[in-house]
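Participant: Protein chains in written order, with my numbering: chain A, 1 to 435; chain B, 1001 to 1123; chain C, 2001 to 2479.
Hints were generated in silico from the structure; no laboratory data involved.
Quick caveat: nothing in here was measured; it's all calculated off a predicted structure.
Accuracy of the hints is not assured; some may be wrong.
[As the list claims (entries may be wrong)] Interface residues of chain A toward chain C, partial, derived using beta-carbon atoms under 8 Å:
(1) E274
(2) S325
(3) R344
Glycine residues also receive a C-beta, built at the ideal position from the N, C-alpha and C atoms.
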Amino acid sequence: MIPVPSIEFHPDDRYFAFLRTVSTPECGQGRLAGIPVAVKDNISTAGIETTCASRILAGYIPPYDATVVEHLRREGAAIVGKTNMDEFGMGTTTENSAFGPTKNPADTSRVPGGSSGGSAAAIAGGLVPMALGTDTGGSIRCPAAFCGIVGLKPTYGRVSRYGLIAYANSLEQIGPMAGNVTDVNRLMEVIAGYDSRDSTSLNQAYLHTPDPEIRGVKIGVPEEFFGEGVDPRVASVVWDAISMLERKGAEIVTCRMPSMAYALAAYYVTCTCEASSNLARFDGVRYGDPADTRKTWHESFQERRREGFGEEVRRRIMLGTFALSSGYYGKYYAKAQAARHHVRADFARLFRDVDVLAGPTMPTVAFRFGEKSDPLSMYLSDILTVPANLAGVPAISVPCGKVGNLPVGLQITGRWREDERVVDVAYAYEQGRSA
Amino acid sequence: MNSTLRDRIQWLLKTVSKVHSLLGEKIPAGRQKGMITEKDTEHIAQLADIAIHKEELAAFTSRFNEILEYFDLLDQVDMVENAENKECNVLREDEIVPSLSQDKVLSNVREQEDGFFKAPRVM
Amino acid sequence: MTVIIGLEIHCQLDTATKLFCGCSTDYRDDHPNSHTCPVCLGLPGSLPKTNKKAVEYALRVAKALHCEVPEESEFSRKNYFYPDLNKGFQITQYDRPLAVCGHLDIEGDDGPKRVRITRVHMEEDPGRLVHKGGADRPRYTLVDYNRAGIPLIEIVTEPDLRSPREARKFLNKMRATLEYLGVFDSEKEGSLRVDANISIQGSERVEIKNITSYKGVEKALTFEVTRQRNSIRRGQKIVRETRHFVETRGVTTSSRSKEMEQDYRYFPEPDLKPLRVKDWAEAIVIPELPDARKQRFIQDYQLSPTHAATLTGDWQIAEFYETLPVEMRASTGTATWVADTLLGELNYRDMAIRHVPLEHFKELLIIRESGGITDRGAVEVLRTLLDQVKEKGGCEAPAECIKRLGLGVITTPEQGSEDPVTSAARDAITENPQAVDDYRKGRKEALNFLVGQVMKKTRGCAKPADVNRVLTGLLSGKE
């Protein structure tokens, strides 16, 4: 028998990027032959514990691989470990992990962003060249911006969600994260494509060579992307980046996106509603810590959820439960869906005139640990990333400079199904900067 | 940098947006209309089947009120007819795919009985 | 006091795979949790994908029930916590069902009746629970998800039914219709579940949950009518509540569940795309349904409406009937025999026509029709064969059975011996001197008694006319 090839993986994980690692992961032939790839802990990996950084799933070993993990294995990648995250993806800092926070390699007194903070830190800390993240309202782009790496939230449907443990089904996508645009593109080529098991999957392969030509590209800059909450130092760095693209031949126009006024509220209503339902299955019957059969079903279930979920998860489940409860559906869920329609309509209108939109990924640089102690102010920091999720359009964050020693991300948002275009603009920027 | 752009930034940074005015600021406590009480919070926890401890009630309730007040921004949204041309009829053929083995199905539980999962009594 | 009844009928659709995954639906004789996968176990990360055949079957039903199929429909999540739910919610249809506003015509208590159908929608079956440690004080619950994800259709009627009997008739007609459509197998255990809403006009409505048999529906409703009437007579108020039917005791009991308020928090299932199936529904061609077949039986075979209704009221029986030679189908004798005798004997044994080897019964019918066996003999053979089927799962050939039991029609005496009719007649005369005496005194009914005795002795194989002739001969001549 030919021995299965493998690599050695013994990282010095001083940032707590990984929840668990595989010391001699198997690898093989293919487009990612022998490349160590980290996988966010909400993506199912057969035989490797998958917890969503939640106590409630501690010990759960999926009997199947997510479609994207199948793709990684098929292309020879070595799956080296599962990365830390905000519990179930609910957070913007990775502080909400039940197993402790990840540190930002750029400044270890600060958060890496979230919820894919472990994946971003593993890349920024030099532990892996690329990783999978997931993005429900900015969870790939925020940590990419905070840690100074590249992260793409694909068009909804271009990457299969089969095996992604759902937080908010209608918003989230698995996406590639890496140190540069070329690697993001490479990883995207492997994970994207139609999957018959995902009813929301698009029949569109991703095979692309990034093109740095920016001449003739029309870039829109919505005024709302530079609203009052945006740190002026961040705004300034981002404007410098946009100006650089203009110098290279892009045409810059400012525009308006009125639906931004309520996009964040629509986002939080939608994701909490969906989460309240998605997270109802962890009852300890089929997996997880066994339910206490001395108690009744409801007693056991209520206690399990009280003990097994962190505070933020419980808050979002209760918010969603309330928003869907009798008498409130019209006020919250239905309105949020109407709001999503207006967001999509805004994008559609803007994309008639421009090819991509540009702005900061995050309104600020990485927070200090504990800085965002009240939930609402944490939620508000997602304002610039959620519109792409609400509309299902692609968006990428690419490093565009620093405020002090802290990275700032430039966000490029594109038309539905035009992931290639946002990768090209990010690539053009990256090339222009390094030139 | 292009001077008109620089001016534009200055203007933009001064723009007061309804959304961003709330960024980083404390929401005034107390929601006059439709405020959630601790009793409501208990009821919601019941509905969500999540045990809530007495000492948590006050904090949860005030957070809820802050967030729900923010959600009121949706009141301004015009309802629309679902006019989108969404993709429909994503279906699969009625073809059997092998199931997981019973061993694999039960691999994540510590206790089982004759191939059944065990759960607490219902009542 | 007018009784008002509406039904919610849940039927398993007879597809090869589950509603949202490729697991086989053929789980009944298999080990628990052996027909499951990440999807129907609700494992984290799994996603549903709708079975096209299930949609097609549901559309056949919608069409047969003359429903309107809206331009667009969708699946929703019904959220509640119960161990038989693998995901903490059930995927069902809520405010945008597959089909609405139909009807089914039945023979009601006061003649033909149109029962309005409110809606038809699809949903997934939950898992199966086994409560351990006694019904009164269960200690824990065992869960099998083999059933989880089996496609169901829910058919909801308007409150148009006026008696338990009418409800039963409606249900029978519905079952027949579904079986004619080839989408439902009523023989599979647990393939049908009914919830019934029942009220006495002017009083509150009571919901009876989870009736799992056809007979149960009539029993539960009859019990409930009596209970409600008695309450009203005693001047008590009917409470709006949910009650459970306890099949073994034939009663309904109040389910004193603490969750007085159910808030299912429905919202559209985000993992599935909407359905746009109006055109598809229009293109579907449905087979001949019971009413049409009944008309055809009356017309083509000159059957009475009653016989035609019985013979077409079950798809299998109708199919069986039409395997008989054409000239036999038009015989009243055959119709009576199948509709009354065969079905009666099956009913008596709690068997269905599918249990019997039809070739054998066809043969028996043909022998009977050609005079090779008397009616009574045929009944005895039928009973014997059915008992064999019930006990052993199979039976001997009718010809063999007739020979073995000596039930062939006695026409000519065997050579060298007295014919069995004469011999039986002699015995009857010897054994019943009183009757013989009475007969001779002119009481003609005494002869009937003697004929009966002879028939008994010949186990019905003799022709009554022959017996009569032999008896009168013996009684008058040879003495």
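Participant: Could you check the structure against the hints above and give me the numbers of any it violates, in ascending order?
Facilitator: Hint check: 3 fails alone, others pass.
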